[in-house]
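Put together the whole structure using the sequences plus the hints.
In my numbering, the protein residues as written are 170 to 274.
If you're looking for bench data, these hints aren't it; they were derived computationally from the structure. If a hint is listed, it holds; no wrong ones were tucked in.
Think about it this way: if two alpha-carbon atoms lie no more than 20 Å apart in a straight line, the pair counts; the simulated PhoX-like pairs of lysine-lysine are:
1) K273 to K205
2) K205 to K267
3) K205 to K193
4) K205 to K271
Model, not experiment: these values are computed from the prediction.
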Amino acid sequence: MIIAFFIWSIVAAIFLGIGISCRKSSEAVGFFTFVKPPVVDDIRHYNNAVSVLWIVAAVVLEMMGVPFLFLEQNSPVFILIIFAVILLIIVMILTYIKIEEKYKR
Numbered sequence: 170m171i172i173a174f175f176i177w178s179i180v181a182a183i184f185l186g187i188g189i190s191c192r193k194s195s196e197a198v199g200f201f202t203f204v205k206p207p208v209v210d211d212i213r214h215y216n217n218a219v220s221v222l223w224i225v226a227a228v229v230l231e232m233m234g235v236p237f238l239f240l241e242q243n244s245p246v247f248i249l250i251i252f253a254v255i256l257l258i259i260v261m262i263l264t265y266i267k268i269e270e271k272y273k274r
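What follows is the structure in structure tokens.
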């Protein structure tokens with residue numbers, strides 16, 4: 170299960186990289202794929218809010234992956250982890266919608 174945790178950590182690191190990239194961007198960043206970023210009043214604060222969203226998601230995702238180190242293969246606990254990931258993504262989308270409403274012109 171160490172390989173599973175390693176792969177899980179790579180995905181969390183990608184989320185972290187997206188968060189750092191968002192923070193350093195000088196233009197408004199997009200969240201959804203193939204969707205133009207919104208026109209915002211304060212680009213710096215908007216990018217920081219989106220960056221915090223991605224970084225928090227990376228940390229939460231990594232914490233959800235810790236059971237991979239301790240559980241046996243095909244454990245029923247993995248079903249709970251999958252549902253938690255689905256919930257994390259839904260919360261990310263809803264949080265981004267709130268961020269977009271706050272900073273959109």
